[in-house]
Amino acid sequence: MFKDLEHLLRLAVVITIAVVIFVALRTAVVPQSFGQYGHYRGAAVAEIAARPVAFAGREACETCHTDVVDQKKQGKHVVVACEACHGALARHADDPASVKPAKLDTAVLCARCHEANSAKPKGFPQVATADHSGGLACDTCHQPHRPKIEAEVKSATGGKK
Amino acid sequence: MDITRRRLLMLLPAAAVAWQYIEAGTPEASPNYKLTEHWWGMLIDIPKCIGCGSCVRACAEENDVPDRFYRTWIERYHVADWQIERPEVESPDGGKQGFPANEVSGGKNFFVPKLCNHCADSPCTQVCPVGATFVSPDGVVLVDKTYCLGCRYCVQACPYGCRFINPKTNTAEKCSLCYHRITKGLTTACCEVCPTGARQLADLKNPKDPIHEFLKTHTVQVLKPHMATGAKVFYNGMDGSVR
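Note that the protein sequences, when read in sequence, are chains L and G.
Be aware that the first sequence starts at 7, since it is given in this note's numbering, and climbs by one per residue.
Be aware that the second sequence starts at 130, since it is given in this note's numbering, and climbs by one per residue.
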């Protein structure tokens, strides 16, 4: 019955070598953490999480700029985060002395939100800037952190907004 | 100046205060962050969106998104009276610079911010031949760009058009729900800068997250519910014309 044993042995040796090569190659090629959580490289999760941030977040701003926090509390812009207008400032938060935020152009900035558009919600304050200010920078009259114009300013400009 | 014991003791409180400010500036990767304790999604309140494009600009800056490509974008819908199935949709430069005035009469106009829906049963991860994109244990659809071949299967598979091939790296790219921020206890860049609170990050596994109360008390919808993707970006006040 086993007169062909030698042939079978040879075949077995060939198959074993093939399996060993396959296992060795697979271990070499598949990343170590593959399959840690699922069918992907588990280490990728931590790698993606390790990326540095560009926006510091309003809590970081508010630890130092408490005067602005108090100012904003008196107006509707209290809900607007600092970096919504001032831009990404994590580098400034990391190193406040050498990285300074750029000065903003209110004529462009305010219009991004407040330029009239029929698709904007009806209750949202909107102006046609060309009629409203004629291209004048908004902070000529408005204080951006507390935008509502006080009575004395209104009387100085003849009641015009 | 000699550092005597007395001087050192006097300096310590000042150093402690200074250190606190430094700490506040760089939120470190939170060692307490546990993958199994979160399940991320987002809430988009359409009636609050003013189409200012802050989210699009912030996203591009936070994530180095190349020009003319968008991980998030804003669409402006114009629906003429009863033509709910034929809305006019536009998104100039993804809404990055806001929208020009459109004084079309009749019908309604509104903005719809879009981004990856971070589907629980995402079609894009299912088609990836190498396992370069996946749903993380905390429910965020991510791309492992060191493993991605750039075969574009996922770009085709996403029913929401949220993926693109980054021309610099030639790998698939998409919204990561600012994974590098939310794991550090921050909100996403788009939610951070949204001036009206139209976008809110939501942790569906956190019982204290206000999302639960909101979902209970509002009529919310996801995009393309018939695709059964398990989308986790919830839209409040969404018109039936939104695709």
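Incorrect hints may appear among the rest.
30 Å max Cα-Cα, derived BS3-like pairs, lysine-lysine [said to hold, decoys possible]:
1. L:K154 - G:K345
2. L:K106 - G:K225
3. G:K274 - L:K128
4. L:K109 - G:K225
5. G:K337 - L:K154
6. G:K345 - L:K82
7. G:K334 - L:K128
8. L:K106 - G:K337
9. G:K353 - L:K128
10. L:K82 - G:K353
11. G:K237 - L:K79
12. G:K334 - L:K106
13. G:K177 - L:K9
14. G:K313 - L:K78
15. L:K82 - G:K163
16. G:K313 - L:K109
17. L:K109 - G:K334
18. G:K353 - L:K78
19. G:K313 - L:K128
20. G:K353 - L:K79
21. G:K313 - G:K334
Because the hints were derived from the structure by calculation, they are not lab data.
We went through each hint and held it up to the structure:
About 35 Å separates the Cα atoms of K154 (chain L) and K345 (chain G), which puts this hinted pair outside 30 Å; it is violated. A C-alpha spacing of about 25 Å is found between K106 (chain L) and K225 (chain G), which places the hinted pair at or below 30 Å, so the restraint holds. A distance of roughly 43 Å separates the Cα atoms of K274 (chain G) and K128 (chain L); the hinted pair therefore is violated under the 30 Å criterion. Straight-line distance between C-alpha atoms of K109 (chain L) and K225 (chain G) comes to about 21 Å, which keeps the hinted pair within the 30 Å bound.
Between K337 (chain G) and K154 (chain L), the direct Cα distance comes to roughly 35 Å. Violation of the 30 Å bound is thereby established for this hinted pair. Straight-line distance between C-alpha atoms of K345 (chain G) and K82 (chain L) comes to about 28 Å, which keeps the hinted pair within the 30 Å bound. With a C-alpha separation of about 35 Å, the suggested pairing of K334 (chain G) with K128 (chain L) is violated against the 30 Å cut-off. Using a Cα cut-off of 30 Å, the hinted pair K106 (chain L) and K337 (chain G) is violated, with the two alpha carbons roughly 37 Å apart.
Between K353 (chain G) and K128 (chain L) the CA atoms are separated by roughly 27 Å; this keeps the pair inside 30 Å, and the hint holds. Taking the CA atoms of K82 (chain L) and K353 (chain G), the gap is near 36 Å; set against the 30 Å cutoff, the hint is violated. Between K237 (chain G) and K79 (chain L), the direct Cα distance comes to roughly 34 Å. Violation of the 30 Å bound is thereby established for this hinted pair. Taking the CA atoms of K334 (chain G) and K106 (chain L), the gap is near 39 Å; set against the 30 Å cutoff, the hint is violated.
In summary, the hint linking K177 (chain G) to K9 (chain L) is not supported, as the alpha carbons are separated by about 85 Å, beyond the 30 Å threshold. Under the criterion of a C-alpha separation no larger than 30 Å, the hint pairing K313 (chain G) with K78 (chain L) is consistent with the structure, at around 26 Å. Simply put, K82 (chain L) and K163 (chain G) have alpha-carbon atoms about 37 Å apart, too far for the 30 Å limit, and the pair is violated. The suggested pairing of K313 (chain G) with K109 (chain L) holds, with an alpha-carbon distance near 29 Å, which does not exceed 30 Å.
Distance hint between K109 (chain L) and K334 (chain G) is unfulfilled; the C-alpha atoms sit about 41 Å from each other, more than 30 Å. Taken as a hint, the K353 (chain G) and K78 (chain L) pair is broken in the structure, with Cα atoms around 40 Å apart against an allowance of 30 Å. Our distance criterion of 30 Å between C-alpha atoms is broken by K313 (chain G) and K128 (chain L), whose separation comes to about 37 Å. Our distance criterion of 30 Å between C-alpha atoms is broken by K353 (chain G) and K79 (chain L), whose separation comes to about 40 Å.
For the hint linking K313 (chain G) to K334 (chain G), the alpha-carbon distance of about 17 Å falls within 30 Å, and the restraint holds.
Of the numbered hints stated above, those contradicted by the structure are hints 1, 3, 5, 7, 8, 10, 11, 12, 13, 15, 17, 18, 19, 20, listed in ascending order.
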